[in-house]
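Participant: For the sequence shown, my numbering gives the first residue as 460, with consecutive numbering after it.
These are computed hints drawn from the structure, not numbers from a lab.
Hints are all accurate, no fakes.
Okay, the calculated beta carbon distance ranges per label pair:
hint, residue 1, residue 2, range
1, Leu467, Ser531, 40 to 46 Å
2, Trp553, Arg501, 29 to 35 Å
3, Asp500, Gly592, 28 to 34 Å
4, Arg508, Glu590, 19 to 25 Å
5, Gln523, Thr562, 19 to 25 Å
6, Gly494, Tyr466, 41 to 47 Å
From a predicted model like this one, the values you see are computed outputs, not experimental measurements.
Glycine is no exception: its CB is placed at the ideal position from the N, C-alpha and C atoms.
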Amino acid sequence: VIVTLIYLAVQVRHNTRSTRLASMQSTMLAAQNVGILPAQDRDLARVVRVGLTTPDALDDDEFQQFRYFLMSMLRVHEDMFVQHRAGVVDDETWIARSSSLRTIFSMPGGRKVWDASTAYREDFRAWMESELGPDPPAV
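Given only the sequences and the hints, what does the whole structure look like? Please build it.
Facilitator: In C-alpha cells form, the structure reads like this:
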C-alpha cells in the first residue's frame, strides 16, 4: 500500500509539472502568434509603428486595426498574468514579457488604447495601472 501511494504521489507530481509546462508553452505560442503578425504584414507593421508614436496620424480604419492588434496583445498578456499568479508562468518569464508590455503601453498610442479599454480582469487592470502610472509620458 505504501509503495502504491508513493508511486501515485510521483505520478501526480509529474503530471502537474507536465500540465504547467504545456500551459506555459501554449501561452508563449499565443504571444508569438500575435507578435509575428507585423513581421508578416508590411502594412500592419507601419500601422503599429505609427500608431505607437503618433496614433492621431492614422485614419479611422488604421486606428481600428492598430487597436485590435494591441487588444490581442493585451488578451495574451492578461492570460499570462493570470497564469503567473497561479504559478504556471515563472517569474523570469513574466518579468521579461511584462517589460515589453509596459514599454508598448507607455507609448502614446498604447496608452490611448489602454485608457479606452475596459474589458479586462480587475486585477490585471490594477496591475497595468500601477505599472503605467496615472499620466501618459510627455512626447
